[in-house]
Amino acid sequence: MLGEAPELLTVAPASDKRYHEAMAKAKDFDLDNPAPAVEDEDEKTLAAIDEGMRDAKAGRTSPIEEVRKLLPKWIAASSSRKGR
Numbered sequence: 009m010l011g012e013a014p015e016l017l018t019v020a021p022a023s024d025k026r027y028h029e030a031m032a033k034a035k036d037f038d039l040d041n042p043a044p045a046v047e048d049e050d051e052k053t054l055a056a057i058d059e060g061m062r063d064a065k066a067g068r069t070s071p072i073e074e075v076r077k078l079l080p081k082w083i084a085a086s087s088s089r090k091g092r
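Going by my numbering, the first residue of the sequence shown is number 9, and it counts up by one from there.
Bear in mind the hints are in silico, worked out from the structure with no lab data behind them.
Don't take each hint at face value.
Calculated lysine to aspartate or glutamate pairs in the DMTMM-like style (CA-CA distance at most 20 Å, straight line) [to be verified]: (1) K65 with D40; (2) K52 with D63; (3) K65 with D24.
All chains, full assembly: derive it from the sequences and hints.
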C-alpha cells in the first residue's frame, strides 16, 4: 500500500547489494545532458524522435488521460503491421 513503510515496497531484498548500487547510479541520470543516441538507430527513427521533441517543446502534447485511452489502439495498429 502507498501509506506503508518504504522498506515493505522494495522489489529486491535488502541484502542484494548489486540492486542498490544500480539504483544509486540511476539517480545520477541527468536529463539536461542525455546520452547520445544509440548508433544502430536508423535515420527514420532518429527523425521521428527529433520531431517528437520539437512538438513537446512547442506544447503540442496530449493529456495523459487521452494517451491512456489511445494506447491500446496504437499498440494494436503497430503489432498488426506487415513486414515487421
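So, going through the hints one by one against the coordinates:
1. A hinted pair counts as satisfied when its Cα atoms are at most 20 Å apart, and K65 with D40 qualifies at roughly 14 Å.
2. Between K52 and D63, the direct Cα distance comes to roughly 16 Å. Compliance with the 20 Å bound is thereby established for this hinted pair.
3. With a C-alpha separation of about 40 Å, the suggested pair K65 and D24 falls outside the 20 Å cut-off, and the hint is violated.
In this structure, only the earlier hint numbered 3 is contradicted, and the remaining ones agree with it.
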